[in-house]
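Protein chains: 2
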Amino acid sequence: MLGILALVGDKWSLLVVGQLRDGPLRFGELHRAVRGISQRMLTLTLRKLERDGLVSRSVHASVPPRVDYALTELGDSLLGPALALGEWAIDHRTEIAANRLRYDAR
Amino acid sequence: MLGILALVGDKWSLLVVGQLRDGPLRFGELHRAVRGISQRMLTLTLRKLERDGLVSRSVHASVPPRVDYALTELGDSLLGPALALGEWAIDHRTEIAANRLRYDAR
Numbered sequence: 001m002l003g004i005l006a007l008v009g010d011k012w013s014l015l016v017v018g019q020l021r022d023g024p025l026r027f028g029e030l031h032r033a034v035r036g037i038s039q040r041m042l043t044l045t046l047r048k049l050e051r052d053g054l055v056s057r058s059v060h061a062s063v064p065p066r067v068d069y070a071l072t073e074l075g076d077s078l079l080g081p082a083l084a085l086g087e088w089a090i091d092h093r094t095e096i097a098a099n100r101l102r103y104d105a106r
Numbered sequence: 001m002l003g004i005l006a007l008v009g010d011k012w013s014l015l016v017v018g019q020l021r022d023g024p025l026r027f028g029e030l031h032r033a034v035r036g037i038s039q040r041m042l043t044l045t046l047r048k049l050e051r052d053g054l055v056s057r058s059v060h061a062s063v064p065p066r067v068d069y070a071l072t073e074l075g076d077s078l079l080g081p082a083l084a085l086g087e088w089a090i091d092h093r094t095e096i097a098a099n100r101l102r103y104d105a106r
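Protein chains in written order, with UniProt numbering: chain A, 1 to 106; chain B, 1 to 106.
Careful, some of the hints might be misleading.
Taking lysine to aspartate or glutamate and the DMTMM-like style, the derived pairs with C-alpha atoms no more than 25 Å apart in a straight line are [to be verified]:
no., chain 1, residue 1, chain 2, residue 2
1, B, Lys48, B, Glu29
2, B, Lys48, A, Asp91
3, A, Lys48, B, Glu87
4, A, Lys48, B, Asp91
5, B, Lys48, A, Asp104
Read the hints as simulated data drawn from the structure, not as lab findings.
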């Protein structure tokens, strides 16, 4: 299970997959949507997701060429677990922040 | 959502939480159960999980003292999403491995 979780168990991959839930986005749109990610980290994350077959990259012939990133069928199947984890994190962030303060104060 | 996912979106945290699903374990038991984790990384991961309030650490008065790690109620609530992600990874590992070969060969 170890090497497998390494596939998806990094926050950037999960966040990028989550942001593609409603359809394809361009690089710049993803960069704005995933707050805090650097251009370099987004490039690396998209390449990893494309290599794993979770995201597809399409180049559209226009001037300038438009490049879209979209979930593949496999990427779509990760949406459920990825969003569940994200929801859990949002639901419990206050409790976790309080736990940290308590731990650091002792 | 970013800082929050950082809480849980690392594979070691998810793997340790998953291993505690059936009850408390000692350090050595966890070390054997989470394959590939170093003692140092397990120590750091447990400290982070304890700080976040996901895992509790109990010292039992015996000779030598026994130290157990267990999920808190909060940690227990993460089990569902963590195991769902792990199951997804296991279910799709062959497909992902094939995608990587295809990507690297092109």
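Hint check:
With a C-alpha separation of about 18 Å, the suggested pairing of lysine 48 of chain B with glutamate 29 of chain B holds against the 25 Å cut-off. Taking the CA atoms of lysine 48 of chain B and aspartate 91 of chain A, the gap is near 19 Å; set against the 25 Å cutoff, the hint holds. Restraint check for lysine 48 of chain A and glutamate 87 of chain B: satisfied, since their Cα atoms lie roughly 20 Å apart, inside the 25 Å limit. A C-alpha spacing of about 19 Å is found between lysine 48 of chain A and aspartate 91 of chain B, which places the hinted pair at or below 25 Å, so the restraint holds.
For the proposed pair lysine 48 of chain B and aspartate 104 of chain A, the alpha carbon gap of about 11 Å is at most 25 Å, so the pair holds.
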